[in-house]
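These protein sequence lines are chains A and B, in that order. Letter by letter, the first sequence follows residues 1 to 224 in my numbering. Letter by letter, the second sequence follows residues 225 to 622 in my numbering.
It is worth saying that the hints were derived from the structure and are not from the lab. Hints may contain errors.
Unchecked claim - Capping the alpha-carbon separation at 20 Å, the derived lysine to any residue pairs in SDA-like fashion look like this:
hint	chain 1	residue 1	chain 2	residue 2
1	B	540	A	188
2	B	540	B	335
3	A	83	B	269
4	B	467	A	87
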Amino acid sequence: MRRGRTVMALAGAGALALAGSLLLTAGDQGPQAARSSLGPPALGDPLTGDEIARAGEIASATLRTRMSTGRVELLYVERDDDKAAAHLRRADAYIYDYGADRLIVRTVDLGQGKVVAESADRGVRPPPSRAEEARAAELLLADPEHGRRIRAAYAAAAGRALRSASDLGLRAMIYTPRRHGAAAEACRTHRCMRLFVRLPDGSWLDTTRIAVDLSAKKILALEW
Amino acid sequence: MRFPLTLLSLVLATGLAGVPVTAATGAGPARALPASGAPAPAPARPACRAPYLVDHKLPNGARWRLCWEMRTIEGLTLTDVLYTPVGGREVGVLRSTALAQIHVPYDSGEPRFHDIGTLGEIAVALQAADCPGGERRGQYVCVTTRPRGHAYLKSRFEEPSLSAQGHDLAVYAAFQVGWYTYLVEWAFSDDGAITPRVGATGSLSGFTSASGHGWQTGRGTAHVEQSHSHNIFWRLDFDVDGKKDDVVEQYDFTGSGTAKRTLVRTRFTKEAKAVNGRTRWWRVVDTRSRNADGHRISWEINNSASAQYRGPEDEKFTRADLYVSQYRSCERLATNNPTPDCAMSVDRYVNAERLTDPVLWVNVGYHHVARDEDADPMPVHWQGFRITPRDVTAKNPR
Chain A
1 MRRGRTVMAL
11 AGAGALALAG
21 SLLLTAGDQG
31 PQAARSSLGP
41 PALGDPLTGD
51 EIARAGEIAS
61 ATLRTRMSTG
71 RVELLYVERD
81 DDKAAAHLRR
91 ADAYIYDYGA
101 DRLIVRTVDL
111 GQGKVVAESA
121 DRGVRPPPSR
131 AEEARAAELL
141 LADPEHGRRI
151 RAAYAAAAGR
161 ALRSASDLGL
171 RAMIYTPRRH
181 GAAAEACRTH
191 RCMRLFVRLP
201 DGSWLDTTRI
211 AVDLSAKKIL
221 ALEW
Chain B
225 MRFPLTLLSL
235 VLATGLAGVP
245 VTAATGAGPA
255 RALPASGAPA
265 PAPARPACRA
275 PYLVDHKLPN
285 GARWRLCWEM
295 RTIEGLTLTD
305 VLYTPVGGRE
315 VGVLRSTALA
325 QIHVPYDSGE
335 PRFHDIGTLG
345 EIAVALQAAD
355 CPGGERRGQY
365 VCVTTRPRGH
375 AYLKSRFEEP
385 SLSAQGHDLA
395 VYAAFQVGWY
405 TYLVEWAFSD
415 DGAITPRVGA
425 TGSLSGFTSA
435 SGHGWQTGRG
445 TAHVEQSHSH
455 NIFWRLDFDV
465 DGKKDDVVEQ
475 YDFTGSGTAK
485 RTLVRTRFTK
495 EAKAVNGRTR
505 WWRVVDTRSR
515 NADGHRISWE
525 INNSASAQYR
535 GPEDEKFTRA
545 DLYVSQYRSC
555 ERLATNNPTP
565 DCAMSVDRYV
575 NAERLTDPVL
585 WVNVGYHHVA
595 RDEDADPMPV
605 HWQGFRITPR
615 DVTAKNPR
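Isolated chain A (complex conformation) (with noise of 0.2 Å):
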């Protein structure tokens, strides 16, 4: 499959993104990050958490507005594992730009210290970030009929009242439009996830025929 990529030139980006504040901090990497030993990392070892912090901090650089009114979001930092690229250390910054519906993939050259290509598009469907997860549980929760739905099921298996979605154990999956009526159609171009919540029982409530849709903040029912 042969498509263009766009390679930009940020002169100065990255020295003025380490003006900024860490947007990740070391140690809040989620397990993918290496926990190596002395020194700096190898050609091929996973990224470190500083490294991840500093990618995230260089990718963002230029899209400070829009992330602290929430319009745009960093959902995670990846290694980039291009075979081209393999005699440099480079990460990828998946950036979710809720105002437009689109996802931009920034490649961070850690070694230069600045965005060396950008490609972004719409409808491309990346897995939830963890705070992606979090406000899809809190719009469950928002809503008047599954809210009342989970805090009973929630008391009845915990024996106390839900004090917040992180009582909820959560797994959000991103949702593969299909035919699912008219609502669901918004998915092909909005960001929707599917939302698994376990209770402290270890049981699972059914929400196979929910859909969350995080662009329009809306829960949506699937119909088949």
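For chain A, the structure is supplied; the task is to place chain B on it using the hints.
Okay, now just chain B, sitting in the frame of chain A:
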């Protein structure tokens, strides 16, 4: 300190204090950036260090070296897989391999899940007992060895039989996806074979269905557990003895109801997709490297145990068992590919581009009809395929 000097000077000059020194992890002296226009030096393989480097010699003397990484999206990913046969030279097999999707459609038609999300975020912490005889690398990955039964047994005339027990090096992790726990494993044998496989355990979904789409489980007839498929895709970037000169061939054997069978070789010069056949197999062959017999070295892919699920029109990615695409770094998953530069699914990666650096996508399906024995915790059901050396050594490497 490994920060490029010019940028470091800029940072210092503009007084941007507070940048942790350890955050600066650019290219060091050993892998300095090439001067502009100079060809990039190829990094040494495997390009990782402990604890990400696996370097293991099995009891017969065969050695495997590889790197592992827990990626955010694909979860456990192995790179730079190198094999040294007993008494032979080290040869590269895979540049990279990882899961590319777990597609789980239920038999009533819905729901249909694409289980690869951020697998790296949902790895299950392994306890010592989950990694028997081995070593946990961090909390989530087990590297261990285990017996695989007879490597060979040959009776001899007036002598004891010639026999040996074989061993595997296994690298695996577990992931919690909804009700399911998936064990994701690659086994590297002392004869050069690789077995990628996934075991599904944890719990059944508990979805009920009309009786035509499931099996009665639990007491009496009240509950019909819905049957479903796990269609698992692996992405395999083979670089046999280096990135260059790799070609994919398909082998078929004509003759049905006849005494003779004839070998038919099809060489994929362009991106291709293929379906399984009972005797069909494929191989990735390096057209330059030869073993001591003068034969081209290759690895064979044998995928005959798939349930071969074929989905509806909007799931065309299910309609082949093997895809061969030209390498593109942004083609990562078989469905819901997460990068803007590439198509969305594996069936659309394949569009007749000329193959110079082939990537293989293997689709293995398992159809699960629940039974009472699946009551919690569900016993593991496995699915996978085999990659075996063909003419990598001139004789049985032992």
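Hints versus structure:
no.: 1; hint: 540/B to 188/A; in the structure: holds (17 Å)
no.: 2; hint: 540/B to 335/B; in the structure: holds (17 Å)
no.: 3; hint: 83/A to 269/B; in the structure: holds (12 Å)
no.: 4; hint: 467/B to 87/A; in the structure: holds (15 Å)
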